[in-house]
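Quick mapping for you: the protein sequence lines, in order, are chains A and B. For the first sequence, this note's numbering puts the final residue at 1186, and the numbers step up evenly by one. For the second sequence, this note's numbering puts the final residue at 365, and the numbers step up evenly by one.
If you are wondering where the hints come from, they were derived from the structure by calculation, not from laboratory data. Check the hints yourself; a few may be wrong.
Under the rule of at most 30 Å between Cα atoms (straight-line distance), these lysine-lysine pairs were calculated in the DSS-like manner [unchecked claim]: (1) Lys-105(B) with Lys-1177(A); (2) Lys-101(B) with Lys-212(B); (3) Lys-1094(A) with Lys-1075(A); (4) Lys-118(B) with Lys-1080(A); (5) Lys-1181(A) with Lys-97(B); (6) Lys-105(B) with Lys-1144(A); (7) Lys-1162(A) with Lys-103(B); (8) Lys-266(B) with Lys-1026(A); (9) Lys-273(B) with Lys-120(B); (10) Lys-1082(A) with Lys-120(B); (11) Lys-1166(A) with Lys-97(B); (12) Lys-105(B) with Lys-1071(A).
Calculated Cβ distances over 10 Å to all of chain B for the following chain A residues [unchecked claim]: (13) Gln-1042; (14) Lys-1080; (15) Ala-1083; (16) Thr-1091; (17) Ile-1092; (18) Asn-1099; (19) Lys-1105; (20) Arg-1106; (21) Ser-1140; (22) Asp-1141; (23) Ile-1142; (24) Ala-1161; (25) Asp-1165; (26) Lys-1166; (27) Ile-1168; (28) Trp-1173.
Simulated restraints on C-beta separations [to be verified]: (29) Thr-1172(A) with Ala-149(B): 40 to 46 Å; (30) Ser-145(B) with Thr-1133(A): 54 to 60 Å; (31) Gln-227(B) with Gln-1059(A): 34 to 40 Å; (32) Asp-1184(A) with Ser-261(B): 55 to 61 Å; (33) Ser-261(B) with Ile-1033(A): 40 to 46 Å; (34) Thr-1091(A) with Asp-114(B): 19 to 25 Å; (35) Ser-143(B) with Thr-1133(A): 50 to 56 Å; (36) Asn-298(B) with Thr-1091(A): 51 to 57 Å; (37) Asn-195(B) with Asn-1022(A): 19 to 25 Å; (38) Lys-1105(A) with Val-158(B): 54 to 60 Å; (39) Arg-214(B) with Lys-1166(A): 36 to 42 Å; (40) Gln-1059(A) with Asn-269(B): 39 to 45 Å.
Note that beta-carbon positions come from the ideal geometry of N, C-alpha and C, so glycine has one too.
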Amino acid sequence: MADRDINALVKQLQNGDIEVFDDIYYQTKNVVYYSIFIILKDCQLSEDIMQDTYLKALNKIHTYKRKAHFKSWIVTIAKNLAINEFNRRKREMLIDLSEQEYMLGSCASTAENEVLITQIFKVLSDIEKEVILLHIIGDLKHREIAKLLDKPIGTITWIYNKAIKKLKDEV
Amino acid sequence: MNKHNIKFKIKESCNERTPDVLNKIKNSSEFRVPVKTKRSLSDYFSFKSFSYSLATVFILAILVTLVFTSKPATPVVASTITVDINPSIEITLDDDDYVINVTAINDEGEEVISRDIKFRGLTLDRTIEIIIQKAHERGYIIETIEENVILIRVDSNNAAVTERLESQLETKIANEVNKYAALVRVIKERNPNVTDEQLESLINTAKNNRITVAKLLLIRKIIILDNTHTLDELKDLPIRELYRIKYLLLHPIDNEEDDPGNGGDPPGNGN
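Model the full assembly from the supplied sequences, consistent with the hints where possible.
So, in structure tokens, the structure goes:
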């Protein structure tokens, strides 16, 4: 569905039509989930934060002003919640800071797609993961990603191409 | 593997692995759209920017007052639609078939139109979805072997537009009602062959009795068939019941087996 459609859905939601929430959810859940997963690297925890993200987005829906893409807006909420959770756990020493491997937790997956996701997370740096997921899963343009990550558009394009090359070499 | 294949595989893999938490979200007590609250002035302006903004607004106000004396343009109503179940609702559309306003004609219509929903700017299809859903929630759409009868009327200066909207409404209403495993017949009421003065009189009578013109025309047909019926007696009945009365007047019952209410032939379109 095009950008205009999601903007129309969000406008309806802001007008009180809760029925459109499902459509908005299904259009954004992948990019929201993986934006959280990149930070927390834990399936169950990411699921919980994902739930919190949507509830917070709903609560703050009237603050969305359409200057940025809606996906950028909700990803920002997701990342902030994930970072807060990460910091909280770090303070409580619930995570091993030296742990570099990502944890599957109780994620269900087929062997093939698990291998690909594993490679993405092993081979790519954090920023590369983020750009890849926002562009491929979130369907955000490089310009929108640049705004979201506060980096020049040329940098984003370069990071993306570098990431794709790494994955091509690995897969 | 080329770039496109990688993109496709990543999308596919991520799509499969993303958990679905929609039900958990909806089961939360926080799952609702908050009422938009007015923000205080301090949320918008610092004092300095507020001063500049005020000055700009003041100058613009003077200019606008001097240059523009006519009232601001309001959306032009291109078509008016009425939908009668027993709730009676009027929908006005602009040239692009977007909703300008949705008005309840009677008390039952007030029940169906939620004050929290802003219909303005919605498509006609979405508006009908909401209206039928609300009518069903409040028990105005029945799920028995008896048909729901919904009366529609489209008023537009363009005959092609009238016909298109009638067809669109008929299909959409039927689809929406069928979602509740309910039977439905959609009846289209056209403008009668009357003079402009007579039509004006009909509109006024309908307005005074808080019914639509379409419902009034149906009631008139019943009264013509049997003048013991009165407008006051019939105006609050659901459309389904009015068509049943009309059918019985046109097809007097010889024995109980012919009574439509006992499972005989339902009222036909225009009968």
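Against the structure, the hints come out as follows:
Restraint check: the Cα-Cα separation between Lys-105(B) and Lys-1177(A) comes to about 18 Å, which is no more than 30 Å; the hinted pair holds. Between Lys-101(B) and Lys-212(B) the alpha-carbon distance is near 40 Å, which puts this suggested pair outside the 30 Å criterion. Distance hint between Lys-1094(A) and Lys-1075(A) is fulfilled; the C-alpha atoms sit about 15 Å from each other, no more than 30 Å. Distance hint between Lys-118(B) and Lys-1080(A) is fulfilled; the C-alpha atoms sit about 27 Å from each other, no more than 30 Å.
Between Lys-1181(A) and Lys-97(B), the direct Cα distance comes to roughly 11 Å. Compliance with the 30 Å bound is thereby established for this hinted pair. Between Lys-105(B) and Lys-1144(A), the direct Cα distance comes to roughly 13 Å. Compliance with the 30 Å bound is thereby established for this hinted pair. About 26 Å separates the Cα atoms of Lys-1162(A) and Lys-103(B), which keeps this hinted pair within 30 Å; it holds. Distance check on the hinted pair: Lys-266(B) and Lys-1026(A) sit about 23 Å apart at the alpha-carbon level, within 30 Å; holds.
Our distance criterion of 30 Å between C-alpha atoms is met by Lys-273(B) and Lys-120(B), whose separation comes to about 22 Å. Distance check on the hinted pair: Lys-1082(A) and Lys-120(B) sit about 28 Å apart at the alpha-carbon level, within 30 Å; holds. Annotation: proposed proximity of Lys-1166(A) to Lys-97(B) holds, straight-line Cα distance about 24 Å (limit 30 Å). Between the alpha carbons of Lys-105(B) and Lys-1071(A) the distance comes to roughly 26 Å, so the proposed pair stays at or under 30 Å and holds.
Separation of Gln-1042(A) from chain B is adequate, the least Cβ-Cβ distance of about 12 Å exceeding the 10 Å criterion. With a minimum CB-CB distance of about 12 Å to chain B, Lys-1080(A) clears the 10 Å threshold, and the non-interface call stands. For Ala-1083(A), the condition that its CB be more than 10 Å from all CB atoms of chain B holds, with the nearest at approximately 19 Å. With a cut of 10 Å on Cβ distances, Thr-1091(A) stays outside the contact zone with chain B, its closest approach being about 18 Å.
Here Ile-1092(A) stays apart from chain B, with its beta-carbon at least about 14 Å from theirs, past the 10 Å limit. Against the 10 Å criterion, Asn-1099(A) stays outside the reach of chain B, whose nearest CB is about 17 Å from its own CB. No Cβ of chain B approaches the Cβ of Lys-1105(A) within 10 Å, the least distance being about 24 Å, so the stated non-interface status holds. The beta carbon of Arg-1106(A) is kept farther than 10 Å from every beta carbon of chain B, the shortest such distance being approximately 26 Å.
For Ser-1140(A), the shortest C-beta to C-beta distance to chain B comes to about 16 Å, beyond the 10 Å cut-off, and the non-interface label holds. The Cβ of Asp-1141(A) sits about 17 Å from the closest Cβ of chain B, beyond the 10 Å cut-off, so the non-interface label holds. With a cut of 10 Å on Cβ distances, Ile-1142(A) stays outside the contact zone with chain B, its closest approach being about 16 Å. Even its closest Cβ contact with chain B, about 19 Å, leaves Ala-1161(A) beyond 10 Å, as expected for a residue assigned away from the interface.
The Cβ of Asp-1165(A) sits about 24 Å from the closest Cβ of chain B, beyond the 10 Å cut-off, so the non-interface label holds. Against chain B, the non-interface label of Lys-1166(A) holds: every CB pair exceeds 10 Å, the least being about 21 Å. Here Ile-1168(A) stays apart from chain B, with its beta-carbon at least about 19 Å from theirs, past the 10 Å limit. Non-interface call for Trp-1173(A) relative to chain B: holds, since the shortest CB-CB distance, roughly 15 Å, exceeds 10 Å.
In this structure the hint that Thr-1172(A) and Ala-149(B) lie 40 to 46 Å apart at CB holds, the actual value being about 44 Å. A hinted range of 54 to 60 Å holds for the C-beta pair Ser-145(B) and Thr-1133(A), which are about 58 Å apart. For Gln-227(B) paired with Gln-1059(A), a C-beta distance near 35 Å keeps the hint of 34 to 40 Å intact. Checking the proposed 55 to 61 Å range against Asp-1184(A) and Ser-261(B) shows it holds: the Cβ atoms sit about 57 Å from each other.
For the pair Ser-261(B) and Ile-1033(A), the supplied restraint of 40 to 46 Å is violated, since their beta-carbon distance comes to about 30 Å. Between Thr-1091(A) and Asp-114(B), the C-beta spacing of about 22 Å keeps the proposed range 19 to 25 Å intact. The hinted window of 50 to 56 Å between Ser-143(B) and Thr-1133(A) holds, with their beta carbons roughly 51 Å apart. One distance hint, 51 to 57 Å for the beta-carbon pair Asn-298(B) and Thr-1091(A), holds here, with the actual separation near 56 Å.
Look at Asn-195(B) against Asn-1022(A): about 22 Å separates their beta carbons, and that is inside 19 to 25 Å. Here the CB-CB span from Lys-1105(A) to Val-158(B) is close to 57 Å, well matched to the stated 54 to 60 Å. Remark: the range hint 36 to 42 Å for Arg-214(B) to Lys-1166(A) is upheld by a beta-carbon distance near 40 Å. Between Gln-1059(A) and Asn-269(B) the beta carbons are some 40 Å apart, a value that agrees with the proposed interval 39 to 45 Å.
Consistency with the previously given hints fails for numbers 2, 33, ordered from lowest to highest.
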